[in-house]
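Dock chain B against chain A, hints included.
Protein chains in written order, with the numbering used here: chain A, 15 to 397; chain B, 15 to 397.
You may find that some hints are simply not true.
[What the hints assert, rightly or not] A few chain B residues facing chain A, derived, Cβ under 10 angstroms:
no., residue
1, T190
2, I337
3, T348
Quick caveat, the hints were computed from the structure, so don't treat them as lab data. Every residue, glycine too, gets a C-beta built ideally from N, C-alpha and C.
Here's the letter readout for the chains.
There are 2 protein chains.
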Amino acid sequence: MIYNPVSPILPREESDRQRSCQKGEESFTNSCSEARTSSTKSRQAERSTVFVRKPAAQKQPPGAVSPAKRQIKEVKETKTTINCVTFPLPGEGPEQQLLKPDEWSYCDYFWADKKDPQGATSLPGFEVLLQKQLKGKQMQKEMSEFVHERIKIEEEYAKNLSKLSLSPLAAQEEGTLGEAWTQLKKSLHDEAEVHLKFANKLHTEVEKPLLTFRGDNFKKDLKKYDHHIADLRKQLASRFASVEKARKALADRQKDLDLKTQQLEVKLSNKTEEDIKKARRKSTQAGDDLMRCVDLYNQTQSKWFEEMVTTNMELEKLEVERIEWIQQHLRQYTTLRHETDMFNQSTVEPVDQLLQNVDPSKDRELWVKENKTGDVRPVDMDI
Amino acid sequence: MIYNPVSPILPREESDRQRSCQKGEESFTNSCSEARTSSTKSRQAERSTVFVRKPAAQKQPPGAVSPAKRQIKEVKETKTTINCVTFPLPGEGPEQQLLKPDEWSYCDYFWADKKDPQGATSLPGFEVLLQKQLKGKQMQKEMSEFVHERIKIEEEYAKNLSKLSLSPLAAQEEGTLGEAWTQLKKSLHDEAEVHLKFANKLHTEVEKPLLTFRGDNFKKDLKKYDHHIADLRKQLASRFASVEKARKALADRQKDLDLKTQQLEVKLSNKTEEDIKKARRKSTQAGDDLMRCVDLYNQTQSKWFEEMVTTNMELEKLEVERIEWIQQHLRQYTTLRHETDMFNQSTVEPVDQLLQNVDPSKDRELWVKENKTGDVRPVDMDI
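The following block holds chain A by itself, in its conformation from the complex (with noise of 0.2 angstroms):
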């Protein structure tokens, strides 16, 4: 029976699948392993959710119909292999639907390779995502060297602040306007301690987070999700070889038992009748062969294809990650700008509070009282 696998009617396994698939990536990438460890029919369940599924009307005893001209047809009208992946021809087969129709998720949109600008090479989707991991590293350590340059800017302000106000400037000043002057060059000091303590915090809670979050266990990790991808891309590579290989010999036994098949016309012999037997035997064979080949490759496709979704989600999940990290680690850089700010404010309010004091005719008075000569006037002299 043939059925489509966007149509509502799906057989159990196969809208479990689906279902599956639009849920969060936890219960997808699960159903992934599952399907890994699962046995063949149910792998060859589980792909065919996610590829487009050959009609079943298709599935023949190799030889009854020369799989050859068969194979040939298809690809040719449905699908193609670049680089050795085998996608649908577009407006060939059943449309496909996103993994993750709304999420804009990894897993949909990087299966073909990049071209490289000048087109010669070309790079594997999965190697966009690394270079997007290993860039993201690098703005981070980036930023938390930002802030390592403003904690030095804080620390130069506040040494030079406190410096500043250990100046003897002005320490003769008398009465309540020598006291506001005191305080005045004391809240430089103050000052100082704010900043001085907005660089530690500056130190510990932002620069300190954002440089460690990942150590270099994070690069390993990568490296490790790099080579299983590319092995998996090797292999790949090596299975469509032998299946290219066991296409061309199927080809060459079709040819060679035609060829038996007109001589049989011709004129008839025994010996001729023994060669056809034994030429269509070697087809069946090497159809057999090609079939096992096809398998591999299918399996190894299959199995990158399961890698390939569940690794991307992974990376998905690391840059959500990292995203929320720095966000809530620059939170805390404008925090701590802000109460910067409001001790700053507070290391002004007692110099204004001896401002308000101050009082000339009271430092007159202290002033008088210390520094008096005398306070009898001069008389008239008498003769």
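Then chain B, alone, in the frame of chain A:
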């Protein structure tokens, strides 16, 4: 008739003077300058309000009773002259009331000279006031220097911040996170602007006013005051010298007259009669001479007194102005500091805003749209 200047019953002019002395310095100095330009009689009155008035009973024609005897007796009793200035002895003569009892006014407390620590030389009270003025000018200058140093610190801080804000670090961060990061870097430039503005306003609104308040004219003016008062003191010294000289001359004449009188008692001769007449004339002349000298001395002391009062009031006014000027500009400093903290706050707000908008799935969408390699999934190869 004798009366006590502090008793409620006072002659009209007297009470006027007392009142004007209680009133603000303006009316006071006016009254002093009136006094200076007024007739001797009214000047006498003026003085009498400020000096302890000597008992009117003692106003007698000199020579009637020997002036020398009387004067020596009196000085011993009630008055003393220190550095050529004549003061009432403690407890002698009617009590003096302060010219401005509630004000700790300069004009009440710097009549005596100040012995220096070694007690060798002594410094006029007026010099103590001048030194206070010079010190005040110095303090004002040092405060301006302090503000200048603060300005330099702010300028360097601003320079470093805006330099860092231009750094390319993490410039390749993308999407909503990239926008937030770009704004965070920009915010350092905004902060720098705030601190530059602070520095510029500190320069024009605090440093400069403090530096330029009372230019070099001020010190010139002080020198003028200084010389003027010092000259009067010199004049007073020379007048005092002539008094001493005249006093001695009178004493000699007195002795001579006494001698002649004794000779008359022992043996009578008209020649002696003549000598006595002559001696009495000379003694009377010496008495008149002494009176003239004492009057000149008292005139000078009175002039010095008036100048002291007026100038001390002037210095007092200058000091009040200085304190209020500094208070006003230190207030400006704290106002600018508050502004700076407020403006700084506002530099962080756009960053907060954009951090609010950071959205990992949005960023994934943007990145995927730009970097996707292909969303057509692989399919099984057919045979």
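Status of each hint after checking the structure:
This hint holds: T190 of chain B has a C-beta 8 angstroms from the nearest C-beta of chain A, less than the 10 angstroms allowed. Hint on I337 of chain B holds. Least Cβ distance to chain A is approximately 4 angstroms, under the 10 angstroms limit. Interface restraint check for T348 of chain B: the shortest CB-CB distance to chain A comes to about 5 angstroms, inside 10 angstroms, so the restraint holds.
Against the hints set out earlier in the document, no violation occurs for any number.
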